[in-house]
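> Protein chains in written order, with our numbering: chain Y, 1 to 303; chain Z, 1 to 303; chain V, 1 to 303; chain C, 1 to 303.
Worth flagging that the hints you see were computed from the coordinates, not collected in a lab. Treat the hints with caution; some may be incorrect.
As the list claims (entries may be wrong) - Some chain C residues close to chain V (C-beta under 7 angstroms, calculated; not the full set):
hint: 1; residue: K87
hint: 2; residue: E88
hint: 3; residue: P89
hint: 4; residue: K227
hint: 5; residue: A231
hint: 6; residue: T235
hint: 7; residue: G243
hint: 8; residue: G250
hint: 9; residue: S301
hint: 10; residue: I302
hint: 11; residue: F303
Cβ atoms here follow ideal geometry from the backbone N, Cα and C, with glycine treated the same way.
There are 4 protein chains.
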Amino acid sequence: MDYNKILEEIYKEILPFSEKGHQADYIPALAKVNPDQFGMCLKTVAGEEYSHLQADTRFSIQSITKVFALAMCLSLKGEELWKRVGKEPSGTAFNSLVQLEVEKGIPRNPFINAGAIVLSDILISSLEDPEGDFLRFIRELCDDESVDFNMEVAMSERECGYLNAAIANLLKYHGTIENDIERVLMFYFKMCSVEMSCRELARAFTAFTNCKPFDFAGFKLSQSRIKRMNAVMQTCGFYDEAGEFSYLVGLPGKSGVGGGIVAIYPMRYAVAVWSPRLNSKGNSVMGMKALELLTTATQESIF
Amino acid sequence: MDYNKILEEIYKEILPFSEKGHQADYIPALAKVNPDQFGMCLKTVAGEEYSHLQADTRFSIQSITKVFALAMCLSLKGEELWKRVGKEPSGTAFNSLVQLEVEKGIPRNPFINAGAIVLSDILISSLEDPEGDFLRFIRELCDDESVDFNMEVAMSERECGYLNAAIANLLKYHGTIENDIERVLMFYFKMCSVEMSCRELARAFTAFTNCKPFDFAGFKLSQSRIKRMNAVMQTCGFYDEAGEFSYLVGLPGKSGVGGGIVAIYPMRYAVAVWSPRLNSKGNSVMGMKALELLTTATQESIF
Amino acid sequence: MDYNKILEEIYKEILPFSEKGHQADYIPALAKVNPDQFGMCLKTVAGEEYSHLQADTRFSIQSITKVFALAMCLSLKGEELWKRVGKEPSGTAFNSLVQLEVEKGIPRNPFINAGAIVLSDILISSLEDPEGDFLRFIRELCDDESVDFNMEVAMSERECGYLNAAIANLLKYHGTIENDIERVLMFYFKMCSVEMSCRELARAFTAFTNCKPFDFAGFKLSQSRIKRMNAVMQTCGFYDEAGEFSYLVGLPGKSGVGGGIVAIYPMRYAVAVWSPRLNSKGNSVMGMKALELLTTATQESIF
Amino acid sequence: MDYNKILEEIYKEILPFSEKGHQADYIPALAKVNPDQFGMCLKTVAGEEYSHLQADTRFSIQSITKVFALAMCLSLKGEELWKRVGKEPSGTAFNSLVQLEVEKGIPRNPFINAGAIVLSDILISSLEDPEGDFLRFIRELCDDESVDFNMEVAMSERECGYLNAAIANLLKYHGTIENDIERVLMFYFKMCSVEMSCRELARAFTAFTNCKPFDFAGFKLSQSRIKRMNAVMQTCGFYDEAGEFSYLVGLPGKSGVGGGIVAIYPMRYAVAVWSPRLNSKGNSVMGMKALELLTTATQESIF
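Let's have the full structure, built from the sequences with the hints guiding it.
Put into structure tokens, the structure is as follows:
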């Protein structure tokens with residue numbers, strides 16, 4: 001498969017969409033990113049890397065970080081984890097409080113904000129140095145020691161993070177989080193503030209392609225568990241657009257409001273794409289389109 | 001892969017669950033089925049069939065029929081279909097009216113009752129002989145001319161089908177269905193009343209494994225479209241338990257309240273399992289467990 | 001109090017609103033009413049009648065009929081009635097199915113459509129000749145033998161009454177109505193189709209001012225019960241605008257989509273007003289304004 | 001009317017209910033109150049006071065305070081106030097976030113927590129010394145300089161006030177509150193922490209009986225505005241039980257989780273009752289019963 005050529009052709013085809021959508025602007029750090037950027041990197045399980053344009057530019061991974069947090073929690077808690085958070089698609093927008101209220105504080109899945117805030121709480125309760133362990137984990141995953149939190153982004157998100165603060169308070173009210181609300185929120189925002197490039201994300205996510213044992217910085221997952229993580233990504237990774245992504249792309253994946261999307265073709269490759277402009281559901285316009293074209297061109301999808 | 005042995009071992013392992021759950025009893029025809037039955041049949045794309053116990057006993061396929069209706073509608077309407085029905089998981093129970101109301105009459109996906117009622121309406125509008133065409137289609141799919149509606153079941157469902165009548169009226173109110181409500185409901189209930197065995201279902205669903213062109217009784221689907229149908233099954237096929245099924249089994253599939261479940265391993269096999277006792281979400285207890293064990297034992301899943 | 005002069009002045013003040021809003025047009029019979037009409041009639045407990053303009057033109061009373069149905073049911077069932085229907089404000093639009101679903105088929109109050117459909121069911125179960133008894137009751141209330149159903153309106157409402165049919169089916173599903181759905185709906189639509197003038201409504205509603213024993217066509221209510229009926233009108237009589245009406249007018253009342261509104265000043269008077277153009281909540285624009293001005297001018301309200 | 005005798009007889013009749021219900025125990029200060037207490041005081045517009053048992057024991061007035069806050073806001077903002085908060089009954093429990101979310105941050109009415117938090121925000125923005133002005137206002141209303149906040153209660157409520165913090169954050173997210181969240185919450189909790197006796201509440205609420213100009217500590221309300229405040233109390237004062245209270249008691253009123261209830265008979269009297277044990281809706285069991293018996297015995301209600 002000539003992935004280099006495919007990536008090039010994909011880019012040509014999605015160029016007409018390059019001005020569609022709006023980048024996230026709820027915090028200054030995201031608002032000031034040049035929206036006219038696009039990067040893509042595909043890494044196969046054999047170790048080959050194919051990339052295009054700004055594949056080495058770091059951006060705010062935002063919700064993509066939830067996959068890392070889930071991997072750590074599953075490693076620590078195993079199936080017990082699902083007593084604290086569900087694994088059903090939410091059927092409503094990612095930040096909905098309604099569903100949280102209806103279901104007595106148990107978030108529908110780990111990829112809505114409420115779910116990821118519970119993951120933060122679990123990591124804080126389980127680890128002596130949650131921030132340190134988290135960084136060690138993702139640095140080993142992408143094999144780059146310079147990956148780090150962007151504290152300016154994290155502080156800025158906390159400052160205007162009224163909705164997430166509402167969610168955290170509601171979870172606390174229902175007894176679903178154990179630790180101090182501010183501690184939980186700050187750790188959550190720090191994890192979201194991590195900056196990585198498409199290449200680093202592609203490298204990190206090959207660990208979830210399931211072709212060899214998963215053991216990073218002491219966090220281990222069985223092959224069966226990785227399959228299951230991918231299943232959760234497939235059904236819940238794109239908020240209110242999980243069905244659409246599954247339909248058009250046919251791979252498990254996760255998006256972030258920074259414009260990044262990662263997808264996994266089990267046993268074959270991981271692919272990351274980035275472009276800041278988002279559609280109305282909060283997913284990168286060019287990123288969605290690029291991945292749709294990738295699986296169409298390669299005829300490779302899980303279905 | 002010695003599927004015969006695997007099916008046997010699965011059965012032994014799920015025996016402890018044989019009295020768990022309750023069969024559907026909202027109509028007499030379903031209530032009088034002997035609940036102590038179990039059948040399973042796996043058919044590979046190479047044409048081999050592996051079966052266990054009551055694999056040739058016919059049962060009411062109920063919601064599994066929605067996959068056939070979707071295939072016909074996609075063949076007739078193509079991507080235009082998605083203007084009439086969504087493809088996002090519902091996030092609530094299969095018979096919820098709430099979400100229908102919120103989204104102005106557009107059902108979330110074709111596998112909730114509201115969605116399938118819209119499919120019925122489309123088939124009635126598009127075909128001169130909807131009942132005849134439907135039967136020709138599924139008979140060719142499973143290669144058995146004796147497959148038929150059970151009119152007693154259909155009439156009985158209509159008689160006590162207050163909730164579906166409520167849904168149909170609500171759809172009509174929103175202008176989402178074109179034809180007479182009674183006509184649409186009767187066709188819907190007839191399609192649900194079809195009786196097939198596990199073997200027949202496994203045969204029919206190998207058509208969706210996507211290893212050769214799909215063309216049955218004049219209804220054609222491209223490979224890309226079949227992939228997409230499977231994606232919808234994956235995210236929406238199990239009502240409020242789609243995430244759980246995806247997590248435990250890792251295959252696209254569809255269940256029915258008659259106790260049947262069909263799953264597809266693209267390019268490999270289709271498998272049908274049947275046992276009447278249902279869990280609280282309306283899915284066969286032994287069926288769910290059997291499929292979980294199948295993909296665990298074979299290590300074969302899409303993830 | 002010179003009510004004649006007050007009515008005249010009110011009319012002058014509301015003239016600027018005479019083209020605001022839109023008359024109901026979901027059935028031909030309502031759509032063809034000349035919208036440029038206004039009538040008002042106030043009848044005191046002493047028997048004096050004050051009227052203005054088209055006070056003797058009959059119009060479709062629609063939901064105002066629910067008050068008559070409630071009076072009959074309370075007379076027949078007493079406090080037992082509240083096991084079948086609630087008495088809390090609905091907090092959502094009058095035709096919402098959501099709340100019905102959430103509360104397992106018990107409508108929030110007798111003045112939302114679901115509640116009135118339950119009242120219809122109760123009357124059918126309790127009376128040998130529901131239609132006859134209903135007509136006898138309202139004819140005696142307004143002292144006019146010619147008041148009657150408009151069968152053309154009733155049939156027309158049934159024909160396009162998908163939403164009410166959805167509600168009735170949902171109630172039947174929950175076991176909240178006993179009789180055949182069509183029977184219940186037809187009786188409901190007949191009651192809504194009654195035509196009365198402002199004068200006839202004012203006369204009928206003086207019976208609820210509570211200044212003498214209530215006993216009409218064999219239906220009796222104690223003074224305490226009438227007080228309570230008025231309390232329900234106060235909190236639930238205006239769908240999603242009950243608070244607004246209570247705030248601006250300060251009297252218990254009931255509106256109908258035909259443009260009529262009736263209000264009661266206990267121990268003093270009943271007043272009916274009619275003008276077909278409705279605001280976005282389904283209440284007569286000029287009617288609401290006229291009653292607001294009435295209680296402002298007279299300084300008479302229950303608060 | 002021999003109110004002394006009526007109060008005595010009411011007490012005898014409600015004695016069988018003296019152990020029904022549970023006092024609020026979510027903060028220590030409320031949990032440690034002796035639940036076996038009952039007080040009642042009725043004050044007529046002529047100035048006569050009738051009281052029974054612990055009518056002079058102070059208790060935490062909690063949500064009753066919202067009436068004072070509303071009076072101040074209406075005096076400051078007039079009808080403009082209703083752009084910030086609605087006046088429709090909520091139709092759901094007092095602490096529901098669902099409805100808040102659906103309606104984009106505009107609380108349904110000033111008596112649900114979200115509404116009262118908005119009132120707090122308005123007072124902070126409008127007054128130089130909100131706490132001082134609030135105390136001056138209520139002290140003048142009940143003519144007692146010793147009425148005060150209970151800071152231990154206020155701090156304790158803030159500490160475990162996760163739900164109210166969630167609400168405040170959600171309001172801030174929607175831009176409905178202007179000031180710092182902590183500032184708004186603390187002022188809200190201070191207002192709720194005020195302790196008054198039944199006698200003091202009855203005295204304070206005679207100001208709302210509307211028999212003379214309202215002018216206290218510089219906060220003035222026209223008679224028309226007081227009528228309207230009473231209308232809002234009538235439709236929204238009892239959370240999910242507003243219809244029930246209106247039905248059984250037939251007077252505008254407001255309850256608090258401390259077990260107090262105040263009701264107003266316009267132009268006649270104000271009455272306060274207190275007993276700590278609450279029903280499932282959060283209203284005093286004996287208090288509700290006592291007021292029902294009062295209006296039944298006196299035949300005095302607004303309907």
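> So, for every hint listed, does it hold in this structure?
These are the hints, each one checked on the structure:
no.	hint	result
1	K87	holds (4 angstroms)
2	E88	holds (4 angstroms)
3	P89	holds (4 angstroms)
4	K227	holds (4 angstroms)
5	A231	holds (4 angstroms)
6	T235	holds (5 angstroms)
7	G243	holds (4 angstroms)
8	G250	holds (5 angstroms)
9	S301	holds (6 angstroms)
10	I302	holds (4 angstroms)
11	F303	holds (4 angstroms)
Violated hints for the displayed structure: none, as all numbered hints are satisfied.
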